[in-house]
Amino acid sequence: MLELKDLYGGYGKMTILNGVSFKIDKATITTVIGPNGAGKSTVFKAIFGLLNIHSGQILLDGKDVTRQTPAQMISHGVTYVPQGRNIVPQLSVFHNLELGGITARDQGMVRRRMEMVMDQFPILREKRNQQAIALSGGQQKQLEIARALLLDPKLILIDEPSIGLSPNLVQEVFQTLIRLRDNGVTVLMVEQNAKSALAMSDYGIVLELGQTRMHDRADKLLADPRVGQLFLGGSTQKSVA
Amino acid sequence: MTEFLQVVLSGLATGSIYALAAIGFTLLWQASQTINFAQGEFVMLPAFFVLIGMHVLGMPLIAAMIFALILSLILLGVIFKKFVIEPMLPHGTLPIVMATIALGILMKETVKEFYSAEAQPYPSLVADRTLDFFGAAVSTQDILNLVVSMLVVVALQFFLSGTRTGRSMQATAQNPQVAEILGVNIKRMVLYTFLINAALAAVASFLISPIYLAKFSNGEPIGLVAFIAAIVGGFNQIRGALVGGLLIGVVDNLAAIYVSAQYRAAVPLILLIVIILVRPQGLLGKAEGRAV
Numbered sequence: 022m023l024e025l026k027d028l029y030g031g032y033g034k035m036t037i038l039n040g041v042s043f044k045i046d047k048a049t050i051t052t053v054i055g056p057n058g059a060g061k062s063t064v065f066k067a068i069f070g071l072l073n074i075h076s077g078q079i080l081l082d083g084k085d086v087t088r089q090t091p092a093q094m095i096s097h098g099v100t101y102v103p104q105g106r107n108i109v110p111q112l113s114v115f116h117n118l119e120l121g122g123i124t125a126r127d128q129g130m131v132r133r134r135m136e137m138v139m140d141q142f143p144i145l146r147e148k149r150n151q152q153a154i155a156l157s158g159g160q161q162k163q164l165e166i167a168r169a170l171l172l173d174p175k176l177i178l179i180d181e182p183s184i185g186l187s188p189n190l191v192q193e194v195f196q197t198l199i200r201l202r203d204n205g206v207t208v209l210m211v212e213q214n215a216k217s218a219l220a221m222s223d224y225g226i227v228l229e230l231g232q233t234r235m236h237d238r239a240d241k242l243l244a245d246p247r248v249g250q251l252f253l254g255g256s257t258q259k260s261v262a
Numbered sequence: 048m049t050e051f052l053q054v055v056l057s058g059l060a061t062g063s064i065y066a067l068a069a070i071g072f073t074l075l076w077q078a079s080q081t082i083n084f085a086q087g088e089f090v091m092l093p094a095f096f097v098l099i100g101m102h103v104l105g106m107p108l109i110a111a112m113i114f115a116l117i118l119s120l121i122l123l124g125v126i127f128k129k130f131v132i133e134p135m136l137p138h139g140t141l142p143i144v145m146a147t148i149a150l151g152i153l154m155k156e157t158v159k160e161f162y163s164a165e166a167q168p169y170p171s172l173v174a175d176r177t178l179d180f181f182g183a184a185v186s187t188q189d190i191l192n193l194v195v196s197m198l199v200v201v202a203l204q205f206f207l208s209g210t211r212t213g214r215s216m217q218a219t220a221q222n223p224q225v226a227e228i229l230g231v232n233i234k235r236m237v238l239y240t241f242l243i244n245a246a247l248a249a250v251a252s253f254l255i256s257p258i259y260l261a262k263f264s265n266g267e268p269i270g271l272v273a274f275i276a277a278i279v280g281g282f283n284q285i286r287g288a289l290v291g292g293l294l295i296g297v298v299d300n301l302a303a304i305y306v307s308a309q310y311r312a313a314v315p316l317i318l319l320i321v322i323i324l325v326r327p328q329g330l331l332g333k334a335e336g337r338a339v
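Chains C and F supply the protein sequences, listed in that same order. First residue of the first sequence: 22, per the working numbering; consecutive thereafter. First residue of the second sequence: 48, per the working numbering; consecutive thereafter.
To be clear, the hints were calculated from the coordinates, so they are not data collected in a lab. The structure presented is a predicted model; accordingly, all values stated were derived computationally and were not measured. Note that beta-carbon positions come from the ideal geometry of N, C-alpha and C, so glycine has one too. Accuracy of the hints is not assured; some may be wrong.
Unchecked claim - With the C-beta cut set under 10 Å, the calculated list includes, among others, these residues of chain F facing chain C:
hint : residue
1    : 184
2    : 185
3    : 186
Stated by the list, open to error - What follows is a list of derived Cβ distance ranges for each label pair:
hint : chain 1 : residue 1 : chain 2 : residue 2 : range
4    : F       : 137       : C       : 146       : 51 to 57 Å
5    : C       : 132       : F       : 141       : 43 to 49 Å
6    : C       : 203       : F       : 325       : 32 to 38 Å
7    : F       : 301       : C       : 137       : 45 to 51 Å
8    : C       : 137       : F       : 137       : 40 to 46 Å
9    : C       : 56        : F       : 317       : 53 to 59 Å
10   : C       : 44        : F       : 137       : 35 to 41 Å
11   : C       : 144       : F       : 177       : 55 to 61 Å
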């Protein structure tokens, strides 16, 4: 449903993506792994229209969506949860959630969806009138995911959801993503915590130096010794020692 | 006691006008990291637009005020953003500070050159009468100033918190990266902020000019006080700017009566120094964290 064709891009004149290509299927979870600086987060920014794309193509359900704005990507059913804290600190939890539907024309629909999403994340209903900054790290992440689900997306890009969360909460977030996949949503995730992320994913992509090195089923990647080496900080290519 | 009440009330009336300028100042900072050192001149200028409307174009007062408001929105809002701030923004805060200082001088000198260096009589919306308020004598102009400023602040607060556009503006100010990924039209939100600042300056100008007359140099004290009010209240807080403005108005008036009129101009500065030493984030401000 999403296809990247030989994507080159970066910030200003600096090139970070050096020909990324991959294709992911509908209703799957794919985890992008790779060493620091491999361009994992940058790929997400490229897809979501936040990056200067030099060449290449991004196709969504066969349609060219290269160089679209975030608002346009949202209208195509794509949402993005960047890493770190992505809340508006002084707005209430409720109004933070509402911002997830700011681009929608039908605000009645947004209200109904907000109720549904708060059913899925009861803590948000409980704290709806509090300032978002008063939420714990895990609750803020839940708020961000809930907000990303507000417009019923078909593809969700989620960057490092486990950062700052306790192992229990990480499992909870993963369970949420699995539930989404079972409901037909496609999930593309970047995760430091590569082993546990691959363990719950359908597919894995290894990025290195802004290029796709490997793309396979997650269980195969987990079993691949080269991937193991990567986790230890090495390279997938044989060193010239 | 009546004298005290009288001094406080007229201080609140002047302070509420300072607050309008300070709130605009704060909003610009929040939305676009613009420190507008021409803010005082932004308050000085619209009064002259009214005078031009009345004396050159022959408009009645209300029509001239609308004319001045529209002109302010265009010149102090759109043009200011497009031709001063946008070209300077990529170079950082300091060039913006210098550019706005230069703009302030340009505005001041232009008014002096092309209108007059003399203080111009400026019409009030209300007949100048003195009312009795629990024994204190309060002028109708002071009451008008206080009421109109507070209505403007309440309306602004309602807009920012009570409407989706206002909340999108808050999101843009508090976390622009998030606003962007949620599809908020950031450029438009920033433009709205500049328009609101221009409108606040125009209203402040209409209210303060009947008292101080319209004069090219009026911007200096107003700009300074607005800047101090914004800092005293907490640079990142609208409520802070409101409190800061009112506080300076009152303290300034009290000092003029009970300490010495000669030192009144020093009082806001002393207040500023004390606040910076004791509470650098301002009275209501929150310390601004820098994300890594």
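Do the hints match the structure? See the list:
Annotation: residue 184 of chain F was flagged as interfacial toward chain C, and the flag is violated, the nearest CB pair being 41 Å apart, outside 10 Å. Nearest Cβ of chain C to the Cβ of residue 185 of chain F: about 36 Å, over the 10 Å cut. The hint is violated. Given hint, residue 186 of chain F at the interface with chain C, is violated; its Cβ is 38 Å from that chain's nearest Cβ, farther than 10 Å. Hint check: residue 137 of chain F to residue 146 of chain C, Cβ distance near 43 Å, so the stated range 51 to 57 Å is violated.
Checked against the given bound of 43 to 49 Å, the beta carbons of residue 132 of chain C and residue 141 of chain F, roughly 45 Å apart, stay inside it. Separated by about 57 Å at the C-beta atoms, residue 203 of chain C and residue 325 of chain F break the suggested range of 32 to 38 Å. Remark: the range hint 45 to 51 Å for residue 301 of chain F to residue 137 of chain C is contradicted by a beta-carbon distance near 57 Å. At about 42 Å, the CB distance of residue 137 of chain C to residue 137 of chain F agrees with the hint of 40 to 46 Å.
With their beta carbons about 57 Å apart, residue 56 of chain C and residue 317 of chain F fall inside the hinted range of 53 to 59 Å. Between residue 44 of chain C and residue 137 of chain F the C-beta distance comes to about 38 Å, which sits within the given range of 35 to 41 Å. At about 58 Å, the beta-carbon gap between residue 144 of chain C and residue 177 of chain F stays in the expected band of 55 to 61 Å.
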